[in-house]
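Turn these sequences into a full structure, and let the hints steer you where they fit.
Start counting the sequence shown at 1; every next residue gets the next number (this note's numbering).
Hints in this document: simulated from the structure, not taken from any laboratory.
Be aware that one or more of the hints could be misleading.
Below, computed lysine-lysine pairings styled on DSS-like, alpha-carbon distance capped at 27 Å [what the hints assert, rightly or not]:
#1 K80 / K169
#2 K169 / K9
#3 K9 / K80
Label-pair distances were calculated between CB atoms; the ranges are [to be verified]:
#4 L138 / R96: 51 to 61 Å
#5 S47 / L10: 53 to 63 Å
#6 S62 / W118: 21 to 31 Å
#7 F51 / L107: 48 to 58 Å
#8 A111 / T135: 32 to 42 Å
#9 R141 / P94: 49 to 59 Å
#10 L101 / Y128: 35 to 45 Å
#11 T91 / D126: 37 to 47 Å
#12 A85 / S47: 32 to 42 Å
#13 A112 / L11: 53 to 63 Å
Quick reminder that beta carbons are idealized off the backbone N, C-alpha and C, glycines included.
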Amino acid sequence: MQQSLSRGKLLLALLMRGVSRLNLALAAVSAAVLLAATGAVFAEILSRLFFGQSLIWVVELSGYALLYMTFLGAPYLLEKNRHVAIDVITTSLPPRWRVALGFAMALLGAAACLYAAWYGLGVTLDQYQFGIRETTVLAPRSYLLTWVFPLGLFLVAIQFVAQAVACLKR
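Below, the structure written as structure tokens:
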């Protein structure tokens, strides 16, 4: 019994280490997308300044970049507790209530993210199956944009569950 319990803890620790590495890799991709979008906007400025021509794809690309940056970077930020948090009320609560509220909010966040990830996966698969394209200048296949939504939210849900478990250990 004790051996299977420690084996389960080891497997969970290995899984969370893998998720953490994936979060870091996706955050690096998010940073690279930010740099690329910044470079594209800079090129747009230079193109207008020196050639009087607009690069019509830059605004669209910047919107896609924002989507990628948000959903690829969010799991890492939540894992490292670097996300925006409004704690005016929670800091004034007694520690016992703070832990209980943290646990409940983490579970609520996990449930909301899992639901949205599941729904987003369905949308992404539909877009892939039917070959839907965006109605924009670049006209990319829609699933190439929306796949980051279910992936990012699923990883955020995992981090919320990890936060809930951490609350129980306090």
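Against the structure, the hints:
1. K80 / K169: Measuring from Cα to Cα gives roughly 18 Å; hence the hint holds.
2. K169 / K9: holds (14 Å)
3. K9 / K80: This hinted pair holds, its Cα atoms lying about 21 Å apart.
4. L138 / R96: 51 to 61 Å: holds (54 Å)
5. S47 / L10: 53 to 63 Å: holds (55 Å)
6. S62 / W118: 21 to 31 Å: holds (29 Å)
7. F51 / L107: 48 to 58 Å: Holds: the Cβ-Cβ distance is about 55 Å, inside 48 to 58 Å.
8. A111 / T135: 32 to 42 Å: holds (34 Å)
9. R141 / P94: 49 to 59 Å: Distance hint for R141, P94 holds at roughly 52 Å.
10. L101 / Y128: 35 to 45 Å: holds (40 Å)
11. T91 / D126: 37 to 47 Å: holds (44 Å)
12. A85 / S47: 32 to 42 Å: With Cβ atoms ~40 Å apart, the hint holds.
13. A112 / L11: 53 to 63 Å: This hint is violated: roughly 27 Å between Cβ atoms.
Figure legend: structure checked against the earlier numbered hints; the only hint not met is number 13.
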